[in-house]
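S.K.: Quick mapping for you: the protein sequence lines, in order, are chains A and B. If you count the first sequence from 1, position 439 lands on 439 in the numbering used here, and the numbers rise without skipping. If you count the second sequence from 1, position 12 lands on 12 in the numbering used here, and the numbers rise without skipping.
Read the hints as simulated data drawn from the structure, not as lab findings. Honestly, I wouldn't trust all of these hints.
Said to hold, decoys possible - With a Cα cut of at most 30 Å, we get these calculated DSSO-like pairs of lysine-lysine: (1) B:Lys3 / A:Lys24; (2) B:Lys225 / B:Lys27; (3) A:Lys192 / B:Lys241; (4) A:Lys184 / B:Lys51; (5) A:Lys192 / B:Lys3; (6) A:Lys428 / B:Lys51; (7) B:Lys3 / B:Lys51.
Said to hold, decoys possible - Coverage of chain A stretches by chain B, computed from C-beta distances (three or more under 8 Å per stretch; other residues unrestricted): (8) 24-32; (9) 75-82; (10) 260-267; (11) 435-448.
All C-beta atoms, glycine included, are put in the ideal place defined by N, C-alpha and C.
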Amino acid sequence: MLFNSIPFLAFALLFFGFWSYAAKSNVSKWAWITAMSFLFYGWWDWRFIFLLAGTGSIDYWCGKLIVRRPSSAKFWLMVSVLTNLASLGLFKYGYWLATELDKLTSLAGITTQLASSLPEFTLILPVGISFYTFNSLSYTIDLYRRKAQPARNWLHFMSFISFFPHLVAGPIIRAKEVLGQLEKTNPVSRVKVLNGLQIIAWGLFQKAVLADNLAVFVNNTYGHMPEDMLTWWMCMLAFSFQIYFDFAGYSTMARGLAKLCGIHFRLNFNKPYRAATFGEFWKRWHISLSSFFRDYVYIPLGGNRLGKFRTLYNRWITMLLSGLWHGANLTFLCWGAVHALLLSFDKPLFFLRNRLQLPAVLLRIPVFIMVLLAWVFFRSESLAQAFEVLGFLFGKRMSVSPSELLQSNAAVWLAVSLLIENGWVERKSRIFRHKPVLSVIRIALLLTASVFLRGPEQDFIYFQF
Amino acid sequence: MDKRNKQARSALLLLAPLTALLLLAVKLLLPALPSSTIEKDIFWSGKTTQKPVFDIVYTGDSRVYRGIDPRTIEGVTGLKGFNYGFSSAGLTPRLLDRAADLLADKGARILVLGVSVNSFLPSSLSNEHLYTWLNKDRKDRFMKQNIYPLLKGFDAYAVSDFYKFYKGEEYREKFSPATGFVGSDKKPADSSSAILPYLEQFQEETAEQDAVDEFIQKLPELRSKGIRVVLVRIPVTQEMKTIEDVASLGLYEQIRDRVRNLGFECPELNWSDLQSYDGSHLDSESAVIYSRRLGHYLLGNR
């Protein structure tokens, strides 16, 4: 169920209605979180509850053995890593790999039917598998590195893995940050509840109003594939903000829901389009994923400590894997590759910013434009479509007048998006944060806007990952 | 409890009533939308879950569901009817079977088929609109049929809606879930606005002769089940009629002649005084007039 849906509202009322009773002891709290999170997850497809519970249980036991049997800790870590990657690989990449292999072998004149021989259940992508797999991996890896404490028991661990706010679309949370918080039994203060509701209302506005309204223009343009250059620039501008507010909106709601339970999640987006370098962009965009890849891929590979060539190699591997994480399609791999290439241009950008003291805004614009162009690969269904869109963007064909585009719904929401990203809305609404009554007015206004200005309901983009 | 927590508690108590008040106030202040998305979803969800209780079922494409009002015909004939039309519907045997299944076992058992050239284009034969709604899962159906009725009046507004209010433009749709009819009107009406899209479609697609043959072969099977089958051409503007006849090389006449030879009814009712808001669909007033004429025909030719 989507966070911005009526079934979720009923679910949330049920969950929080009994929360104060459940949270009186750790066991009842963990049991309540686990049971309700399974209900939340099973709403999509009840069969995959077993996958979640199964892989989670394997990781729990591997974690126990990593701690109890240091001599074989590496072995149990490998069991955990391989189980998680096998599960992810089978459901997410199995069909795609099999199809690509069939294509390759057919080029060599050999007919294989790997794709059609895969079991039917592997064709369904379990919602959130990319997210909870990484959550689980962070647990066993951090235990092995002795950077985390083991979970108290199976319920404690399952409540961390299955905690519904982050379960299906992140943020990717670290066991060392959340397990401890799940052990606290202090009641959540009213101030935190108010803050949590403010955060949820803001996330809902980002998703239901901004992202879903921008999606209409983007989907329409991709559906009709017009050749007009201005339309495509507007489309990619709209998509840049659609994907941002869609994902940021979800993450924000997740943070707010967690806050209502007394759990703090870190910020997952920090005004990424204000980045003045590409490295800065990755410190502001999907922070939980980029920090996961930094900590568990880039740094273990050597990071930037082993010379220029190795740094370049490590960066490319990390970004390609990051791209591939998003989906089984060459377009995502290309998107990762584009960002790997863009990161190579950070040194000149640093120079321009730090040595020549160029105003940040002059750097933000080219960085944003390059990120926007990279989104073409992300949004397109195939490489052929991506290159076709790039062709339209630079095709100089103009059949639609700028005034016609500026009168569209998308133009209005783009203007609002730019004001928000620029910080103007935040500066003007600061007054609402100082007094609780004003906070409540802000929440009521955001909820009302989310009801009457919502766009046609769209799935969260990151659900497909 | 410290001061901030006390203030927060008081503020939280205000949240639900304040939000409810704000929602109600905005709902009352905003102008009513000419077409409600919530009512539209309730309408289409309900259309695919009807029981077999009707004397007459009408089926075909959007010209049917905007052009035939079962309530008006009931007023004339006393026969309870349901409009089983869908957007860009193709007259496939499966659609005809689904429509026929809505007829009560003991009743007048009349099936009225709105025939147009579009009904046999490849894009129509997939019946995408019908199957989109048929394939909705139970959760979705439950939501649309039980929860959505509680949300009427809380439709979303697009920015362009306010612009249209200001300019006096509107596309009004009145959904009747009980009859399956959609009374449609557009301001300002433009009886040639549908011409170009249809011309473009006819350039890209041609009617499938196999589909036409399959359709005609289905009719005797329906008749053998005790169903009276009546075929009509829903009124369009003369300009649209000419384009369709030329582009299809007289397909409608071909169908009409073949079905008449098989003994099926294919009346030609008077259209000349009816109005279309886009060249393809009747406005609501004309739909009622046309429905009355159809009703009199059905009554007079029992």
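S.K.: Evaluate each hint against the coordinates.
M.R.: Here is how each hint holds up against the structure:
1. B:Lys3 / A:Lys24: 24 Å, holds
2. B:Lys225 / B:Lys27: Violated, at roughly 51 Å.
3. A:Lys192 / B:Lys241: Not satisfied, since the Cα-Cα distance of roughly 66 Å exceeds 30 Å.
4. A:Lys184 / B:Lys51: Violated, because 55 Å separates the two Cα atoms, which is more than 30 Å.
5. A:Lys192 / B:Lys3: Status holds; Cα separation ~14 Å.
6. A:Lys428 / B:Lys51: At roughly 56 Å apart (the allowed maximum being 30 Å), Lys51 (chain B) and Lys428 (chain A) break the hint.
7. B:Lys3 / B:Lys51: 61 Å, violated
8. 24-32: violated (count 0)
9. 75-82: violated (count 0)
10. 260-267: violated (count 0)
11. 435-448: Since 11 is at least three, the answer is holds.
Violation of the numbered hints given earlier is confined to hints 2, 3, 4, 6, 7, 8, 9 and 10; the remaining hints are satisfied by the structure.
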